Amino acid sequence: MRLRQNPVVAISVATFIDGYRDRLIQGLLIVGVFFVLSTAVFSSFSMRQPMEVAINYGLSVVQILATILTLFLGLNLISRELESKAGHPVLAQPISRGSYIIGKFMGLLMIVLVILIISGACAALGIWLTTLTLDTPGHVSWVGFIIALYGTFISCTVLGGLTVLFTSLSTSAILPFLLTCGVYAIGQSTQAAKRFIEAELAGVELTPLVKMIAKGAYYIFPNFALFDFKVQAIYDLPESATLLGIATVYGLTYLALTLFGAVILFEKRDLS
Numbered sequence: 001m002r003l004r005q006n007p008v009v010a011i012s013v014a015t016f017i018d019g020y021r022d023r024l025i026q027g028l029l030i031v032g033v034f035f036v037l038s039t040a041v042f043s044s045f046s047m048r049q050p051m052e053v054a055i056n057y058g059l060s061v062v063q064i065l066a067t068i069l070t071l072f073l074g075l076n077l078i079s080r081e082l083e084s085k086a087g088h089p090v091l092a093q094p095i096s097r098g099s100y101i102i103g104k105f106m107g108l109l110m111i112v113l114v115i116l117i118i119s120g121a122c123a124a125l126g127i128w129l130t131t132l133t134l135d136t137p138g139h140v141s142w143v144g145f146i147i148a149l150y151g152t153f154i155s156c157t158v159l160g161g162l163t164v165l166f167t168s169l170s171t172s173a174i175l176p177f178l179l180t181c182g183v184y185a186i187g188q189s190t191q192a193a194k195r196f197i198e199a200e201l202a203g204v205e206l207t208p209l210v211k212m213i214a215k216g217a218y219y220i221f222p223n224f225a226l227f228d229f230k231v232q233a234i235y236d237l238p239e240s241a242t243l244l245g246i247a248t249v250y251g252l253t254y255l256a257l258t259l260f261g262a263v264i265l266f267e268k269r270d271l272s
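Once you know that position 207 of the sequence shown is 207 in this note's numbering, the rest is easy, because the numbers rise by one and skip nothing.
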């Protein structure tokens, strides 16, 4: 790959093309599309709230699919190329390692965006088909649906930054996988843990050390629950522009920090 154009653009486009040639990614995408299209069938099992079930099911499948693909794509972007030495010719050209990292991440982001558009459109189709099967279909907040997809995209953006950070740190694919999964699991629960501590329920006593660890984890690890807007879409709740803005700024800030760390680590990494 000759980098006569902007190296970041060239690497991101090449990464995007290579990602969609991956048969594993194609297989997962097909399976995910099948599941979201089955929304109408799945929601028929609910007699009381079929529309709520349909929206929740569709958005949840999209979120799970996007998260899994982001995780595996992000882990393979750098580690697989460096292990096979396929990325060495690119790095041998007059480009900075930072451009290589940013280009790889931008390619990942492009793939995730396309996956979300395809799976989100299929989920919307499944929800629309559900409305046709009901005698009195409930109201569907399509604005809330799109905002929920946007929240999933921001979540995957932060997750992608973490995978790039950890793959820049280790030569093995196993350690970055474990670290990313661990951080993601913690990030999904820190907000609930913080609220539980602040509630000070009667009969529940927590030591100061436990409270300190929980609060520390809340501020150190990414709060992935902040990007989850499914409840607003399911129950047609009013969207808070302030909360949406906070989630966006928070996600972009955390992403910038992870990419900065990834560039620093990759610059110091011995590739010989």
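Treat the hints as calculated values from the structure; they're not laboratory data.
Take the hints with a grain of salt, since some may be wrong.
Pairwise CB distance ranges (calculated) [said to hold, decoys possible]:
(1) Gly245 x Ser172: 25 to 33 Å
(2) Tyr235 x Arg269: 44 to 52 Å
(3) Ala185 x Leu252: 19 to 27 Å
(4) Val231 x Leu209: 30 to 38 Å
(5) Lys211 x Ile64: 28 to 36 Å
(6) Tyr250 x Lys211: 33 to 41 Å
(7) Phe196 x Leu129: 36 to 44 Å
(8) Ile30 x Arg269: 17 to 25 Å
(9) Ile30 x Leu178: 25 to 33 Å
(10) Leu206 x Leu129: 20 to 28 Å
(11) Leu129 x Arg48: 36 to 44 Å
(12) Glu198 x Gln26: 43 to 51 Å
(13) Phe196 x Thr253: 31 to 39 Å
Taking lysine to any residue and the SDA-like style, the derived pairs with C-alpha atoms no more than 25 Å apart in a straight line are [claimed, not checked]:
(14) Lys268 x Tyr20
(15) Lys268 x Val41
(16) Lys211 x Ala193
(17) Lys194 x Ile174
(18) Lys211 x Cys181
(19) Lys215 x Thr253
This structure is a prediction, so every number in the text was calculated from the model and none was measured.
For glycine and all other residues, C-beta sits at the position ideal for the given N, C-alpha and C.
Are the Cα positions of Lys215 and Thr253 separated by 25 Å at most? With Cα atoms ~19 Å apart, Lys215 and Thr253 stay inside 25 Å; holds.
Ala185 paired with Leu252, Cβ distance criterion 19 to 27 Å: Hint holds: Cβ distance 22 Å, inside 19 to 27 Å.
When you check the alpha-carbon spacing of Lys268 and Tyr20, does it fall within 25 Å? Roughly 30 Å separates the two Cα atoms, so the pair is violated.
Agreement of Lys194 and Ile174 with the hint, judged by alpha carbon distance not exceeding 25 Å: violated, 30 Å
Going straight from one Cα to the other, do Lys211 and Ala193 come out at no more than 25 Å? The hint holds at about 9 Å.
Would you say the C-beta atoms of Ile30 and Arg269 sit inside 17 to 25 Å of each other? violated, 36 Å
I want to verify a distance hint. Is the separation of the beta carbons of Tyr235 and Arg269 within 44 to 52 Å? With a Cβ separation near 48 Å, Tyr235 and Arg269 satisfy 44 to 52 Å, so the hint holds.
Do Phe196 and Leu129 keep their Cβ atoms within the hinted range of 36 to 44 Å? holds, 39 Å
Quick one, are Lys268 and Val41 close enough, alpha carbons at most 25 Å? violated, 53 Å
Is the gap between the beta carbons of Lys211 and Ile64 within 28 to 36 Å? Distance hint for Lys211, Ile64 holds at roughly 32 Å.
Confirm or reject the claim that Leu129 and Arg48 have a C-beta distance inside 36 to 44 Å. Given a distance of about 19 Å, which is not inside 36 to 44 Å, the answer is violated.
Could you see if the CB distance from Phe196 to Thr253 stays within 31 to 39 Å? violated, 25 Å
Checked against the numbered hints listed earlier, the structure breaks hints 1, 6, 8, 10, 11, 13, 14, 15, 17; every other hint is satisfied.
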